[in-house]
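A.B. asks: Now for the letters of each chain:
There are 2 protein chains.
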Amino acid sequence: MTDHAIVDLARRLPQLRLLSEPGDLEHYGRDWTRRWTPAPRAIALPASSDEVQGIVRWANEHNVAIVPSGGRTGLSGGAVAANGELVLSLERMNRVLGFDAVDRTLTVQPGIALEAVHGAAREHGLLYPVDFAARGSCSIGGNIATNAGGIRVIRYGNTREWIAGLKVVAGNGELLDLNRGLIKNSSGYDLRQLMIGSEGTLGIVVEATLRLTDPPPTSQVMLLALPTMDALMDVFALFRSRLSLQAFEFFTDVALKHVLAHGAQRAIDGDHPYYVVTEFESPDEKTQDAALAAFEHGVEQGWISDGVLAQSDAQAAALWRLREGITESLAPHKPYKNDVSVRIGALPVFLHDIQTLLAREYPHIDVVWFGHIGDGNLHINVLKPESLSDADFIAQCEHVTKLLADTLHKHGGSISAEHGIGLVKRAYLESTRSPAEIALMRGIRQVFDPLGILNPGKLFA
Amino acid sequence: MTDHAIVDLARRLPQLRLLSEPGDLEHYGRDWTRRWTPAPRAIALPASSDEVQGIVRWANEHNVAIVPSGGRTGLSGGAVAANGELVLSLERMNRVLGFDAVDRTLTVQPGIALEAVHGAAREHGLLYPVDFAARGSCSIGGNIATNAGGIRVIRYGNTREWIAGLKVVAGNGELLDLNRGLIKNSSGYDLRQLMIGSEGTLGIVVEATLRLTDPPPTSQVMLLALPTMDALMDVFALFRSRLSLQAFEFFTDVALKHVLAHGAQRAIDGDHPYYVVTEFESPDEKTQDAALAAFEHGVEQGWISDGVLAQSDAQAAALWRLREGITESLAPHKPYKNDVSVRIGALPVFLHDIQTLLAREYPHIDVVWFGHIGDGNLHINVLKPESLSDADFIAQCEHVTKLLADTLHKHGGSISAEHGIGLVKRAYLESTRSPAEIALMRGIRQVFDPLGILNPGKLFA
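First to last, the sequence lines map onto chains A and B. If you count by the working numbering, then the first sequence holds residues -1 to 459, one letter each, in order. If you count by the working numbering, then the second sequence holds residues -1 to 459, one letter each, in order.
Be a bit skeptical, because a hint or two may be false.
What the hints assert, rightly or not - Here's a subset of chain A near chain B, in silico, CB distances under 8 angstroms, partners left out:
id	residue
1	S185
2	I419
3	A434
It is worth saying that the hints were derived from the structure and are not from the lab. Yeah, the Cβ is synthetic: ideal placement off N, Cα and C, and Gly gets one too.
Please build the complete structure, drawing on both the sequences and the hints.
C.D. replies: So, in structure tokens, the structure goes:
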């Protein structure tokens, strides 16, 4: 079958790389969710903003849906193409375009991997501080599309805080040059901020100017074992009041079991229900003393059962692996993922509510908890029993997610802390955003993308 | 003449305080610009979100324009009511509603003064770090409407960074509860961010949850005299690389002349064309040594002519007064104000360009420069000669502003760094935002406020 629209696209943009082999369609049509069968029409791999703009204008004329595509490490189906869309992959637009030492900004193309951004900042003696386990595969464009968070949010905030400027091709085909690296710019609505977290439904980022900062002083990594969930908040408050925290991550014994089975090294003996990996700035011996004093106070109070302070970079990396290796260790069990948040102050009651909920609803199913306590962000991974079919398993999880969404609504939380809504959570959007907000969001989408060609079906049905 | 719409408003909201005496209309109908003759229809002083929502719904039914009103310290005419609008003053909604020690947030009503927010944070041992000279009169709602910046942006960023949640009555009458204090919330478009800096054209903030932080360690204040404009950037780079800067503010000899005539005390002898007030964290003697070493290096390089390090809180306050007293000292001269910004990296060339421009265009007029070099933000105050009429003076200044806007456009700058567009700068908006961006902004306004009842004529004509 000849695809006349694609023929026209190739005619208009003769340099544009286009792929349509079945293997390519499958590879570029899915993300890490693996729930939908990839079925894009074709894959376009533009090499410039001009080509991106040309594609968007073509799509408007032919009314073809576009799925913007980065590293496809997303967990909400935001980059899935299952309905004859054109996948617009930004993987060839992956260069560093410039560095400004006075402004301390790095200008990059959207397809660059987060890890490459880290490296480029380091070359100039500076830090791009957003970080998480998918750093080697995820792209900065995708980070912007979901306002990615990760393991340093407690110290540095989300991606939003680090975007000094964005060039964007809007859904209507216009090229926008938003904020241009200005620190102060009170000249109307900040469309840059609107673009961040919009999951490819308003425009396609073709260039980003990232703010960099000074690297932190030397830091130290500690693993703590905790006897109860209540102790989590006590230990967090204790450590936050005495140290300058870079990270404060928790996981459960069930998570530990999987990551150890996947090759990580046990660092604390005995059985403990909860663990924390924390990293804190440690410029001098005073901080190390403060950390040990905080640890001892926690032990005396009965909040901490055991602990290890890393004595070398290698040991620090080994402790971090216990937390960062969790996602990979669960992959073989086809986990169903929830990524939720509440205010930190609402965490204790919320944790109890969902502990009760999950124990009741998943009586014979392994549920792995981990997350970023200091951000109020909890990741829940439900592992598929071999006896259940994929469809039955997902149906059961979606039933529980509905209950979880109700609990989140009660606590003023969010059904998506950092993964985005995509396809996976759009049925639960009303737990987090009111009908009035959703109506405004739909109206805004209509303004940027009147024909709805960008990532249709994502975020809203 | 009976105003039937106002009669209906009073009937619907019998508790609502309404004013319509000539003195009230004048008082509430103008802001610090004083360029327009106040002519509102009436003044409403709601005491609750419900009353605000009732007013907005009434305004939609009667097609009455509303001017949201805080401290009216604005310098762009954003709170001017000169066309029969209803002024909706938030001054009675000025309470602290709550403090959360775990989340470290303060929830306030929009009419609270910035200084009262500082005080409330201090009571809990914490800091709300946005700060500027109008702190005693400006309201937090107005700060949010313009994304207010000020003197600590170099260290803490603009208002935008400190807003954890907003309750807003949108132009369509819906009450929105945006982000609810969450640190991580990737659930669609961040309407909170869109509201910040929208100058009362999308919605009226009825409650704000502000993020607080640890107070800084002890700081020190230094006044520097500089021989050339080029030295400004050198001294900034030098001090930024060696110290943790809280503020880095510059002003000229012309500004000094006015502030001294207004009662401030001279701190450095002799005539110097440029001055800097800088404040830096100084937790220990090491930092003080570093500051002195930086100073000496600057002197050796010929970048610094003289300097004073404050030896007491009183002396620090006296040095700060040299910078913070400028605006007040200029007021009797009816200054025409520009508030512009460029990337810091673009400052040196930009400063030379506009120095040439202003010297050429204002040959016989005092022009006072000051601003926030570390943010790329420059305030230009043109003083009205007594011989010129108000109208002729403003016409001349608007002609020069057009040329300044062209220069800003060339350097990728902004016609409004922190004051907003309002009425004063709307003719120059296209120097900063492209026609495509402005069209999107108009579209967004239409979504939030279909009848255009909120602050019509502000931001766009």
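A.B. asks: Each hint: holds or not?
C.D. replies: Quick rundown of the hints versus the structure:
no.	hint	verdict
1	S185	holds, 4 angstroms
2	I419	holds, 6 angstroms
3	A434	holds, 4 angstroms
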